[in-house]
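Visitor: The listed protein sequences derive, respectively, from chains A and B. Take 0 as the starting number for the first sequence in numbering that gives the first Met the number 0 and just add one per residue. Take 0 as the starting number for the second sequence in numbering that gives the first Met the number 0 and just add one per residue.
Because identical chains share one entry, a pair is satisfied inside a single copy or across any pair of copies.
Here are the computed lysine-lysine pairs in the DSSO-like style, where the Cα-Cα straight-line distance is at most 27 Å:
| no. | residue 1 | residue 2 |
| --- | --- | --- |
| 1 | Lys143 | Lys269 |
| 2 | Lys42 | Lys28 |
| 3 | Lys269 | Lys292 |
Simulated from the structure, these hints should not be mistaken for laboratory data.
Protein chains: 2
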Amino acid sequence: MPQYEECEQMIEGPYLLFVGGVSHALYAKTANGIRYWRPEMCKGQLRFPGCAADLDLPDMSIIQAVQEGVKTIVIGVAPAGGALPDAWIATLVEALSQGLDIASGLHTRLNEISELREAAKEYGRRIFDVRYPAQSFAVGSGEKRVGKRLLTVGTDCAVGKMYTALALEKEMRARGFDADFQATGQTGILIAGGGVSVDAVVSDFISGAAEWLSPVNEADHWDVIEGQGSLFHPSYAGVSLGLLHGAQPDALVVCHEAGRQNIAGVAGYKPPDIQTCIDLNVSLGRLTNPDIKCVGVGVNTASLGDEEAMRYLAGLENTIGLACVDPVRTGVGRIVDHLEEASDPCS
Amino acid sequence: MPQYEECEQMIEGPYLLFVGGVSHALYAKTANGIRYWRPEMCKGQLRFPGCAADLDLPDMSIIQAVQEGVKTIVIGVAPAGGALPDAWIATLVEALSQGLDIASGLHTRLNEISELREAAKEYGRRIFDVRYPAQSFAVGSGEKRVGKRLLTVGTDCAVGKMYTALALEKEMRARGFDADFQATGQTGILIAGGGVSVDAVVSDFISGAAEWLSPVNEADHWDVIEGQGSLFHPSYAGVSLGLLHGAQPDALVVCHEAGRQNIAGVAGYKPPDIQTCIDLNVSLGRLTNPDIKCVGVGVNTASLGDEEAMRYLAGLENTIGLACVDPVRTGVGRIVDHLEEASDPCS
Numbered sequence: 000m001p002q003y004e005e006c007e008q009m010i011e012g013p014y015l016l017f018v019g020g021v022s023h024a025l026y027a028k029t030a031n032g033i034r035y036w037r038p039e040m041c042k043g044q045l046r047f048p049g050c051a052a053d054l055d056l057p058d059m060s061i062i063q064a065v066q067e068g069v070k071t072i073v074i075g076v077a078p079a080g081g082a083l084p085d086a087w088i089a090t091l092v093e094a095l096s097q098g099l100d101i102a103s104g105l106h107t108r109l110n111e112i113s114e115l116r117e118a119a120k121e122y123g124r125r126i127f128d129v130r131y132p133a134q135s136f137a138v139g140s141g142e143k144r145v146g147k148r149l150l151t152v153g154t155d156c157a158v159g160k161m162y163t164a165l166a167l168e169k170e171m172r173a174r175g176f177d178a179d180f181q182a183t184g185q186t187g188i189l190i191a192g193g194g195v196s197v198d199a200v201v202s203d204f205i206s207g208a209a210e211w212l213s214p215v216n217e218a219d220h221w222d223v224i225e226g227q228g229s230l231f232h233p234s235y236a237g238v239s240l241g242l243l244h245g246a247q248p249d250a251l252v253v254c255h256e257a258g259r260q261n262i263a264g265v266a267g268y269k270p271p272d273i274q275t276c277i278d279l280n281v282s283l284g285r286l287t288n289p290d291i292k293c294v295g296v297g298v299n300t301a302s303l304g305d306e307e308a309m310r311y312l313a314g315l316e317n318t319i320g321l322a323c324v325d326p327v328r329t330g331v332g333r334i335v336d337h338l339e340e341a342s343d344p345c346s
Numbered sequence: 000m001p002q003y004e005e006c007e008q009m010i011e012g013p014y015l016l017f018v019g020g021v022s023h024a025l026y027a028k029t030a031n032g033i034r035y036w037r038p039e040m041c042k043g044q045l046r047f048p049g050c051a052a053d054l055d056l057p058d059m060s061i062i063q064a065v066q067e068g069v070k071t072i073v074i075g076v077a078p079a080g081g082a083l084p085d086a087w088i089a090t091l092v093e094a095l096s097q098g099l100d101i102a103s104g105l106h107t108r109l110n111e112i113s114e115l116r117e118a119a120k121e122y123g124r125r126i127f128d129v130r131y132p133a134q135s136f137a138v139g140s141g142e143k144r145v146g147k148r149l150l151t152v153g154t155d156c157a158v159g160k161m162y163t164a165l166a167l168e169k170e171m172r173a174r175g176f177d178a179d180f181q182a183t184g185q186t187g188i189l190i191a192g193g194g195v196s197v198d199a200v201v202s203d204f205i206s207g208a209a210e211w212l213s214p215v216n217e218a219d220h221w222d223v224i225e226g227q228g229s230l231f232h233p234s235y236a237g238v239s240l241g242l243l244h245g246a247q248p249d250a251l252v253v254c255h256e257a258g259r260q261n262i263a264g265v266a267g268y269k270p271p272d273i274q275t276c277i278d279l280n281v282s283l284g285r286l287t288n289p290d291i292k293c294v295g296v297g298v299n300t301a302s303l304g305d306e307e308a309m310r311y312l313a314g315l316e317n318t319i320g321l322a323c324v325d326p327v328r329t330g331v332g333r334i335v336d337h338l339e340e341a342s343d344p345c346s
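Looking at chain A on its own, in the form it has when it is part of the complex (with noise of 0.2 Å):
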């Protein structure tokens, strides 16, 4: 169950997943997530004629969605170029005027275009524009809370930090522990349906809002949060530090991409091998959780043929000492023991 105080800014589920005419499959990333991981909570999908991407939900106009009970329609793709296309904005006055919500994680502001911000307040409907905070957090302040945390942090951005998280929430689950995953990233939000975007919070309020994300819980709950950034970015590693500082992790999972070369976005930076990201962020998580302890690690292996990838996985596990797993092709079960017989009083 979500553990938000202020459930006013939980997005309501079912959703209707609007993918617009996107011109190829992979622009439909945010759509897919959804449908791959709350599929419970998809009813359809609304695609203009000539769309490429297929989320294998029924097709449903705005109507037939509130008939099906939908409450939420969820942008699940970008606009070519930046801005709204008519078309949408059409589409989203039409589910607001129907009584649907609105959920969006894209870079525009959907409460800042007037049409949608005035029809939201006509039919008494709400914009959730979840890559910008809504409420405001207090300053961190490092008291240990009660209840398990586990934090996915990567060598890189972009290494499967958000789908590592998901899947040890889903294998947690799966295996009768009280787990929930907690989003930091707007994908991850419209996902779980509320969250927040801890690299859009004002600096001096990073721990806090991890805090806030993750509050106190019953002992045995698990928050399984996703991380962002990394330690060894230099564009956003006061971003992964504040995350690490407030969430506490009792347990972190390393996450990384096999292959990769370079930091992404940014010239000239090696990603760390996965010791040294390891032992960075055990010691520096020790500032307020000294029980920190890395339990697994997650690695995209997807450049790799499957032979190659095993070999890969068996070599890096003989090395760093740490169940070492790919989380799309082997699972992330290996991690789950681990943690299992931690909490194993016998063991």
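Given the coordinates of chain A, work out where chain B should sit on it, guided by the hints.
Guide: Using the frame of chain A, we list chain B on its own:
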């Protein structure tokens, strides 16, 4: 000379320092800081009857200040309780109507007080709410920039990072260095006439803001950058790390308060020892500047007697092997000696 690309964001001097009617001289800390570090910028003070502070400047009305060539009235005190008293607002509206700009480091945004905003518009004047960045920044690039940079860092918040940076700028200029203090907090910005309140920058852009603040420059030019927070503070370490990465310092000066038992504002955290603070800052700073070095330590020894302070500094210096000074008691000359030796090609 300030290096800002957008010079219209510089606060124009000279200043009239507004201290209102504070009940204790200590409340005029900001005004005193400006008076102390930028005496040439301060033409006068505006005090209400009964004001307990005296900046040792001519008392002036708004009209007199305008006649003396003042360009900006600077709020040098915080109002008791937070809200601006009516008498302040009347005075500030008068200042705008007489052609002065206003600069303020208060939490309350003067631009959000309708009387002030409207008067500024009517009279074509500017209101600088320096706690809130007026511009947006790019994401940090991590690209190495020509020019030298020194950053003050701390074992905790409020240990003298701004004072030390200003003392270094003064001493360096006196010895012929081309050096500019670069402010990262509201008091520093009012002193320098510009800068960025980095803790108010959106997390994604912390290191980018630090890059903007200390851009490419002549090879022998020094930006002396005011540090914020501490890597050891559970609320603010993310800000400190983003600033460290964006500043790309060649030289670090670690600041500390002798005798401090607890990290400021949080429960259960102890300041690190100074060597630990040096090591972590150097180790993390290497990401964006592999040549980073700690060049000295600045300690606030106000809690110690003279003899005890000198013993403390000598003992520290013996342990650390770097110049350890109290910027107030001993000055920072010995740290600048080290910079001179390091920059002398014959040494």
